[in-house]
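*Asks:* Here the structure of chain A is known, so what remains is to put chain B in place on it, guided by the hints.
Sequences listed follow chains A and B, in order. Note that the first sequence covers residues 3 to 328 in this note's numbering. Note that the second sequence covers residues 14 to 307 in this note's numbering.
No lab work stands behind these hints: they were computed from the structure. Source: prediction; values computed, not measured. Certain hints may be false.
No more than 25 Å apart at the CA atoms, straight line, and that leaves these computed lysine to any residue pairs for SDA-like [unchecked claim]:
#1 Lys246/B - Gly178/A
#2 Lys219/B - Val194/A
#3 Lys277/B - Gln65/B
#4 Lys96/B - Arg297/B
#5 Lys219/B - Gly198/A
#6 Lys150/B - Phe294/A
#7 Lys146/B - Pro106/A
#8 Lys267/B - Phe93/A
#9 Lys146/B - Phe294/A
#10 Lys146/B - Glu162/B
#11 Lys146/B - Val88/A
#12 Lys267/B - Gly84/A
#13 Lys273/B - Pro55/B
#14 Lys169/B - Arg86/A
#15 Lys146/B - Gln87/A
#16 Lys267/B - Ser85/A
#17 Lys146/B - Ala181/A
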Amino acid sequence: MPAEGSTSAGVTPLPSAPGLPPAIVGSPGGPDPVTGGGLLGGDPFRRRSRLFRTERGRVVTSTVSTLAVLGGIVTAFLLAPGSRQVRSVFFNAHDMWRAFIGDPHTGFYSVGKGILLNIEMFLVAEVLILVLALVIALVRQSRSPVLFPLRMLAIAYVDFFRGVPLILVIFAIGFGLPALYLPVISYQSAVVYGVGALVIAYSAYVSEVYRAGLNSVPFSQIASARSLGLRPRTALRYVVLPQAVRTIIPPLLNDFISLQKDTALVAVLGVVIEANRAAQIFSSTVFNYSGFTVAAILFLLLTIPLARFTDHLIARDRARRLAGST
Amino acid sequence: MIFRRLAVAVAVVVAGTGLGLAGMSVPSGASPRTEGPGNTAPLRSCTYSAIQPFLYSPGHLTVATDAPAYAPWFEHNRPSDGKGYESAVAYAVAKRLGFKPSQVKWVVETFNASYAPGPKHFDFDINEISVTKTRAKAVTFSSGYYTDEEALVALKGSPITKHHTPAALKTYVYGAEIGTTALQYINSRIHPIHTPATFTTLNDVKSALVDHRIAAFVTDTPTAQYIATTEIKHATVIGQFPVSNQHYGLLFQKGDRLVKCVDKAIAVLKRTGVLHRLAKKYLRVYTSIPVIKP
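In isolation and in its complexed conformation, chain A is listed as follows:
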């Protein structure tokens, strides 16, 4: 107990220290003569804790808290000295619309049309990556001595393409292959080179995800499968892979969300006018970044549903596992 001011000490610290439990705030030895009044309804801490206990109270509190946070951020943004200029440069509704629909005669392309190209590249790349990455992962997991050189190659491949920045891979393939003047290979469109580079680089990442999944399947599963008379290949197909893939769906989708965004990098090859490049051209033509905001919104519209879908899969998988364990 503080020697002086003990009467006020029981009352005033409460509003300023709502995080402290009452045992600390109140007097340790028996009821305090002053805080006794607080127990009759004047104690803000007890009221708040009761608020948290009811469902409605929780909703109200979280709403108020959310509004306070968002309100604070928005207020800070709106009242910042340069706010007006930032808003007109990044969030100008008229310019956002112009960037969305595009106007080639003024020198810029539609960001809305560009996103369709992103989606196309993403879908094609995703299918190819799933196949190539699985092949790499299986090669790395193989035990056969005959496959040793392939195993080494797979390790080198993964090390190399995970380590090299994606943009350099895109440059090397997109500018390097045409310069070789090889038949067929050197005469593809930039989109093909770009998607090819994405597949090559992302397969390295995704193969590691596969490998983690394959390793997560307990050896007892393989042993039981073999003891039931399944051949190694059949055991892999019907016992190991289904379990492995189920485990890795969340990290796989994680990689695919980032693949969606990385399709924008293909634009460095020139002919590819995807959403990000269209926004870049818009901004450099009219000196306004609103096109980037449009592209960002479009990318969010693509990735947020995918993220929610991932959450859903995780929740479903968890529910199934828990159900299985009881």
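*Replies:* Structure of chain B alone, referenced to chain A:
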């Protein structure tokens, strides 16, 4: 429990910060920082001492350009040697404003960042930037120091060098550097069937031409001439488009007051023939280029 209380505490702090900021900025007015650092006095004269408070770094004229700095606007990617048209113009402007060459400080500013809102870290940017009305909403431009003409570059012996009637011109695949008015030129004048290729840098455009990924590209005439005569020996300038009335301007922060003095300096450089002489020296005046009408 702890987390929720933490969240409430954070909310209160953030809201408080917002209000605090509000309190701070309301009296000073919510106007963006388009003026020199902390001074609102008008710029009365353009003498060396009068302009000091209006400089990014007093005692220096801070000039920005992109890296790499391309010839013939700069030489050997070295803006500070005073060679190349734009480098020479920057030093000529600096001299008119009373600076010694050693007081000119060069900084790198990429084109895409040069028009960002917020404070600029240079007095002006000189980077072959075409002045347009929409662009002038975001930045302030000086008066023109060069009239922009665009030309078409292709490899010698390629089909476009022989067939470039307005109808034939529509059938080729063109390239341009993004952010340049060349793309606008291609789309609004030539109306090609194929979408033109846009590249991040001029070097990418050049490599695309050499690798036959594009049939031709559009760039300003001096650059086109430089590339065809010096950089890509088997390239040629097919022709120049009719004059467009576009010019290059120095880029300033929106509302920068130094532009008044720089405009005066440019006017003097124009009247006394300095700009013409520099153009002749570095850009040469090419009269032999045929004009093609798309």
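*Asks:* All the hints need checking, so say for each whether the structure fits it.
*Replies:* Cross-check of the supplied hints:
Note on Lys246/B and Gly178/A: the hinted pairing holds, with a Cα-Cα distance of about 21 Å set against a maximum of 25 Å. Between Lys219/B and Val194/A the CA atoms are separated by roughly 21 Å; this keeps the pair inside 25 Å, and the hint holds. Between Lys277/B and Gln65/B the alpha-carbon distance is near 16 Å, which keeps this suggested pair within the 25 Å criterion. Restraint check for Lys96/B and Arg297/B: satisfied, since their Cα atoms lie roughly 14 Å apart, inside the 25 Å limit.
Distance hint between Lys219/B and Gly198/A is fulfilled; the C-alpha atoms sit about 23 Å from each other, no more than 25 Å. The straight-line distance between the Cα atoms of Lys150/B and Phe294/A is roughly 18 Å, inside the 25 Å bound, and the hint therefore holds. Taking the CA atoms of Lys146/B and Pro106/A, the gap is about 17 Å. The hint holds against a cut of 25 Å. Our distance criterion of 25 Å between C-alpha atoms is met by Lys267/B and Phe93/A, whose separation comes to about 18 Å.
The hinted pair formed by Lys146/B and Phe294/A meets the criterion: a straight-line CA distance of about 21 Å does not exceed 25 Å. With a C-alpha separation of about 18 Å, the suggested pairing of Lys146/B with Glu162/B holds against the 25 Å cut-off. Under the criterion of a C-alpha separation no larger than 25 Å, the hint pairing Lys146/B with Val88/A is consistent with the structure, at around 19 Å. With a C-alpha separation of about 12 Å, the suggested pairing of Lys267/B with Gly84/A holds against the 25 Å cut-off.
For a cut-off of 25 Å, the pair hint linking Lys273/B to Pro55/B stands: about 11 Å separates their Cα positions. Distance restraint check for Lys169/B and Arg86/A: the Cα-Cα separation of roughly 52 Å exceeds the 25 Å cut-off, and the hinted pair is therefore not satisfied. For the hint pairing Lys146/B with Gln87/A, the CA-to-CA distance comes to about 17 Å; that is within 25 Å, so the pair holds. In summary, the hint linking Lys267/B to Ser85/A is supported, as the alpha carbons are separated by about 15 Å, within the 25 Å threshold.
A distance of roughly 40 Å separates the Cα atoms of Lys146/B and Ala181/A; the hinted pair therefore is violated under the 25 Å criterion.
Hints 14, 17 from the earlier list are contradicted by this structure; the remaining hints agree with it.
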